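Enquirer: Next come the chains, spelled out residue by residue.
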Amino acid sequence: MDLRFGIQLGIIGLTFFMLINASALLVLAERKIMGFMQQRYGPYLVGPHGLLQPLADILKLLMKEELRPKGADKWLFTLAPILSVTAAFAAFATVPWGGETTFFGLLDTPVKLGVADINVGLLVVFAITSMGVYGIVLAGWASNSKYSLMGGLRASAQMISYELAYATSLAAVILLAGSLSLREVVDTQAGTWFGFIPRWLVFLQPVGFIIYVIAGVAETNRAPFDFPEAEQELVAGYNTEYSSVRFALFPQAEYINMATMSAVATDLYLGGWHGIPLLDTYGLSWVTFLLKVGAILFTYIWMRWTLPRYRYDQLMAFGWKFLFPLSVINLIVTAALVLYFNA
Amino acid sequence: MPEVVTFYLLAGIAVVASALVIGQRNPMYSVMFLIVAFAALAGLYIQLDAPFVAVAQIIIYAGAIMVLFLFVVMLLNAPQEDGAEWDRTHPLRRAGIGRFGAMLAGVLILELAYALMKVNGLGAAVGSQANATTVSSVREMGKVLFSRHAFAFEATSVLILVAMVGAVVLARREGES
Numbered sequence: 001m002d003l004r005f006g007i008q009l010g011i012i013g014l015t016f017f018m019l020i021n022a023s024a025l026l027v028l029a030e031r032k033i034m035g036f037m038q039q040r041y042g043p044y045l046v047g048p049h050g051l052l053q054p055l056a057d058i059l060k061l062l063m064k065e066e067l068r069p070k071g072a073d074k075w076l077f078t079l080a081p082i083l084s085v086t087a088a089f090a091a092f093a094t095v096p097w098g099g100e101t102t103f104f105g106l107l108d109t110p111v112k113l114g115v116a117d118i119n120v121g122l123l124v125v126f127a128i129t130s131m132g133v134y135g136i137v138l139a140g141w142a143s144n145s146k147y148s149l150m151g152g153l154r155a156s157a158q159m160i161s162y163e164l165a166y167a168t169s170l171a172a173v174i175l176l177a178g179s180l181s182l183r184e185v186v187d188t189q190a191g192t193w194f195g196f197i198p199r200w201l202v203f204l205q206p207v208g209f210i211i212y213v214i215a216g217v218a219e220t221n222r223a224p225f226d227f228p229e230a231e232q233e234l235v236a237g238y239n240t241e242y243s244s245v246r247f248a249l250f251p252q253a254e255y256i257n258m259a260t261m262s263a264v265a266t267d268l269y270l271g272g273w274h275g276i277p278l279l280d281t282y283g284l285s286w287v288t289f290l291l292k293v294g295a296i297l298f299t300y301i302w303m304r305w306t307l308p309r310y311r312y313d314q315l316m317a318f319g320w321k322f323l324f325p326l327s328v329i330n331l332i333v334t335a336a337l338v339l340y341f342n343a
Numbered sequence: 001m002p003e004v005v006t007f008y009l010l011a012g013i014a015v016v017a018s019a020l021v022i023g024q025r026n027p028m029y030s031v032m033f034l035i036v037a038f039a040a041l042a043g044l045y046i047q048l049d050a051p052f053v054a055v056a057q058i059i060i061y062a063g064a065i066m067v068l069f070l071f072v073v074m075l076l077n078a079p080q081e082d083g084a085e086w087d088r089t090h091p092l093r094r095a096g097i098g099r100f101g102a103m104l105a106g107v108l109i110l111e112l113a114y115a116l117m118k119v120n121g122l123g124a125a126v127g128s129q130a131n132a133t134t135v136s137s138v139r140e141m142g143k144v145l146f147s148r149h150a151f152a153f154e155a156t157s158v159l160i161l162v163a164m165v166g167a168v169v170l171a172r173r174e175g176e177s
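As they're listed, the protein sequences go chains A and B.
Here the first sequence stands for residues 1 to 343, numbered as in the working numbering.
Here the second sequence stands for residues 1 to 177, numbered as in the working numbering.
Treat the hints as calculated values from the structure; they're not laboratory data.
Only a predicted model underlies this, so the values are computations on that prediction, with no experimental measurement involved.
Where a beta carbon is used, it is the ideal one built from N, C-alpha and C, also for glycine.
Zero decoy hints are in this set.
Computed Cβ-Cβ distance ranges for the label pairs, DEER-style:
hint : chain 1 : residue 1 : chain 2 : residue 2 : range
1    : B       : Ala11     : A       : Leu14     : 32 to 42 Å
2    : B       : Phe100    : A       : Val207    : 54 to 64 Å
3    : A       : Lys146    : B       : Arg139    : 46 to 56 Å
4    : B       : Val165    : A       : Ile82     : 35 to 45 Å
5    : B       : Val162    : A       : Ile332    : 20 to 30 Å
6    : B       : Leu159    : A       : Ile332    : 14 to 24 Å
7    : B       : Ala105    : A       : Ala336    : 49 to 59 Å
8    : A       : Tyr312    : B       : Ala95     : 45 to 55 Å
All chains, please: the whole structure from these sequences, using the hints.
Expert: Put into structure tokens, the structure is as follows:
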């Protein structure tokens with residue numbers, strides 16, 4: 001077998017491994033941070049400081065009985081969680097997560113960290129994340145339960161609405177970077193302005209960054225936009241009728257989607273793996289990347305445990321009447337400035 | 001010849017899925033098979049060195065339009081077509097209408113066959129293989145779209161806007177603000 005092919009397979013395996021672990025770690029982080037914010041310890045009994053809690057959670061879910069309601073649609077009920085989690089994993093395929101590295105001189109030629117680097121990478125991420133809504137909608141419909149159906153309907157309406165603002169904020173970044181490849185977008189952000197401000201796009205696109213983060217939270221169905229599973233109104237929303245492993249796949253997809261959203265935000269707005277020159281010289285640029293992703297993920301969890309949920313009509317009005325027009329204005333202003341400075 | 005294998009695989013999936021779309025009694029399954037057909041088409045576009053068109057196909061058709069379809073099917077909660085009822089009483093089952101439909105299908109098949117026989121240089125119509133990469137690049141496509149086809153592009157956007165306004169007007173009931 002060709003050596004490069006083997007290395008590429010290794011990177012794919014590594015990415016997959018990291019994503020699976022990201023979902024487990026995020027569950028723990030969420031419970032620990034929630035505990036910290038509510039002035040208690042959080043999970044503390046399994047392993048040192050409760051570090052093995054995710055393993056216990058997964059084992060518990062695996063051991064549970066798998067139920068399917070009698071009136072549920074057999075095929076779509078099984079297909080829905082699979083679709084959700086597949087879309088979540090596949091979306092990460094074109095997200096680069098580090099610069100070139102030789103793994104401390106282990107390899108002769110440096111390799112790029114990331115599964116695939118294609119020239120429309122950004123659009124691929126967007127296309128696959130938008131397919132993720134099918135998992136939730138089908139779960140809601142196939143369960144044949146009123147609560148699930150309401151959750152599924154809300155999910156589809158919400159995701160269609162916020163996808164517009166999301167895509168429009170991405171378009172402004174594409175205009176500035178002049179490329180649809182995520183790796184090229186990151187490489188335009190290397191270096192500094194005036195020697196001390198990093199050339200990150202967040203400084204050129206502050207409004208776009210905020211729109212991206214808000215729309216990203218809505219796209220991943222996280223609080224304060226977690227209407228598809230609003231427990232006070234809908235029991236558990238689209239996943240009410242699910243149990244055992246099928247249920248476990250939904251939160252897993254949600255956490256992987258959060259990781260993807262944060263990784264894309266890091267690549268687009270926060271300079272990707274650039275920023276700490278010392279780490280770059282040792283080929284450890286991916287550590288910089290992970291630090292930034294971790295910071296965004298912390299903000300995600302922070303938001304969930306401090307902000308109350310919106311009302312549903314407020315969510316729709318905010319998306320259509322404020323966020324979408326704002327992102328269009330942002331796009332037009334960016335386009336005008338790009339034309340002005342490039343001409 | 002891996003290209004031939006993948007072409008027949010994807011084309012086969014597209015044709016079978018399309019046939020299944022109209023063969024389903026449950027509208028939810030029809031929507032799902034239509035998504036499969038669109039995904040297979042996107043695969044064919046990738047094979048034609050047009051990744052942008054493929055991704056656009058997924059985003060617009062599989063991602064946006066089909067979610068809307070699904071939304072409508074769920075909202076109306078369309079019941080399964082009852083087989084026996086449909087067979088006996090539906091007006092579309094009357095013999096005269098059936099014959100008319102069969103005639104239309106026959107005409108369509110003849111037209112398609114005639115058109116396919118006329119086209120012998122498909123390469124000339126699409127453009128030579130050499131500049132396929134330049135044609136499929138986003139930059140070149142944008143240039144052509146906004147210069148040579150600018151009028152068609154703008155006309156389409158107005159058409160879609162009119163359709164949207166019309167839908168809102170029709171959907172709003174009398175007397176509501």
